[in-house]
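**Student:** One letter stands for each residue in the lines below.
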Amino acid sequence: MSRGRGLIPYLFLLPGGAWLILFFAIPMAFMLLVSLQEGSLSTGYELTWNFGIYPEVIAESSDQIIRSVTYAFATTVLTLFIGYPMAYTIAFRGGRLKNALLLIVILPFFVSFIIRTLNWKMILADNGILLGTLKDWGMLEAGFHLIATPAGVIGGLTYNFLPFMVLPLYVALEKIDPRLIEAGMDLFASRFQAFWRVTFPLSLPGVVAGSLLTFIPAVGDFINAELIGAANRDVTMIGNIIQFKYLNANDFPAASALGFVLLVGVMVLIAIYTRVVGSERLTS
Amino acid sequence: MTAAAPPLGTAPIRSAPIGQRLSGLVLPVITALVVVFLFAPLVVMVIFSFNDPAGRQNITWQGFTLDNYLTLWGRPDITGPMLTSLTIAAISTLVATIFGTLIALALTRYDFRGRSATNLLIFLPMTAPEIILGASLLTLWVSMGVGRGFITILVAHIMFNVSFVVVTVRARLIGFNRSLEEAGMDLYADAWTTFWKVTFPLIFPGILAAALLAFSLSIDDYVITVFNAGRTVTFPLWVFGVSRLGIPPEVNVLGTLILLLAVAFIAVQLWQARRQAAAAQTVTIRGR
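Listed in order, the protein sequences are those of chains B and X.
Residues in the first sequence are numbered from 1 upward in steps of one, following this note's numbering.
Residues in the second sequence are numbered from 285 upward in steps of one, following this note's numbering.
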């Protein structure tokens, strides 16, 4: 690696770096500034350093904040339980099919997020393919529904974020030397113990990475809540509130304040992760 | 990875007891179930793209028809947004790929002050929730009095694509064997020629992969776009809009077509990988 060959690295960084600073970093600062303003779209906004908006907005949307964290947590746990066996199977039992299996996991995600979620909604519809059949067979009561319930929304979130968990898990599991597991099996009584004492701890970086990659987008999601949650206000998440305030109510200060709260929460999680992992690993 | 040979002194492997064989089935069964879970909506999508809905509701199966595939192209309310999405995707991919590749080159080949900061700047947009990325840009536009529309969507897409390009190209660059470049320079090529004749062709697959990733991310994007769109309608925005009335079969048609493209693309990838592996083997054998 050449050592600081003068300006060249900086020249290379300039176009993309400037773009990111202009359109990613600076907008974050603007979001903070706008949150501290008061006024409305018609009367114009004035920067009054209205820090009071933060407690106001947090209290008003505390339901949604708690709900978002809960749903995202549930989603993370579910994707972990569903994704781990899958990643394990591909990594250790995949053999020549490994790449093909990985591509199969990714394949659904070429199709638009919205189209997939809408079709899920159709599958989960009250009298649709799944529930309708079960109801006809008398296994479910007629009033049962999944649409507009927390379970439905969490199901949608789990579905949409599954690869975010499977892929990092796979990467971590793939690196584990199988001879370590064999050694473990020689030492421990059962295969399960060998797994729990050897494989799982070694896969922890993947678990952490996958959990972060699932939790963070899930906590800010609003599409699942809106599509699968239908009009049910009891399943709205913080993302729905932010979106509503920005685009419908045009209440920019409040919306920005909420957005900033979300941002800070996410930053804290990422900061913890960075400390643990180191910044070079971030982009690899 | 294959298991190492059994340690010396152990008996040869006998057929595993039935309990172990059954429990050995658990994992593949779970995996198969998950795959079914993943593909369920896609199956529904493909089937219902052939549905012939009497009214506007596309909820129950009514009849098989190919009409949806044919009438799709005559509907400007669908082809318009699709074209907008494709244009935005194409331009943002081009720009983001150039920007991102440059950054990746800088990060992997040069040691300079500000590496950690750069890494952070690249990393954050990928992990921050999309709603933050989109909403913060909106506050920028509103504060500066910039009207939202095609251009602002484009700017936003380039922004979030750069990080993904950097990460993808970087992965490819890290495994790159620089002695090939040195060989080129030994043969009297200057840095510029060496780059274009040696380096670039070899990292091109990585750049292409990054471009494809950026393209599909852009076409599919809803959250960031909705905050930056103003009156402009992209395909995901349109889908979301009409979804109140149930999914029009045309949406499933487009989804199915995209799926076919993806399958074709993956098939090409796998086939190419096989060819490269075979070629590499031939070179190795000849080289010895």
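A hint or two may mislead.
Said to hold, decoys possible - Simulated coverage check for chain B against chain X, where a stretch passes if three residues somewhere in it have a Cβ under 8 Å from a Cβ of chain X:
# : stretch
1 : 60 to 72
2 : 78 to 90
3 : 102 to 114
4 : 195 to 204
5 : 214 to 228
Keep in mind the hints are simulated off the structure, nothing from the lab.
Note that the Cβ used here is the ideal one computed from N, Cα and C, for glycine as well.
**Student:** Against this structure, judge whether each hint is valid.
**Tutor:** Verification of the hints:
Counting residues of the stretch 60 to 72 of chain B whose CB lies closer than 8 Å to any CB of chain X gives 0, which falls below the minimum of 3, so the coverage claim is violated. Counting residues of the stretch 78 to 90 of chain B whose CB falls under 8 Å from any CB of chain X gives 7; the rule of at least 3 is met. Only residues whose beta carbon comes within less than 8 Å of a beta carbon in chain X count, and the stretch 102 to 114 of chain B has 10; three or more means the coverage holds. Figure legend: the stretch 195 to 204 of chain B, annotated as covered by chain X; annotation inconsistent (0 residues with Cβ-Cβ distances under 8 Å, at least 3 required).
Under the rule that three or more residues need a Cβ within less than 8 Å of chain X, the assignment of the stretch 214 to 228 of chain B holds, with 8 such residues.
Checked against the numbered hints given earlier, the structure breaks hints 1, 4 and satisfies all the rest.
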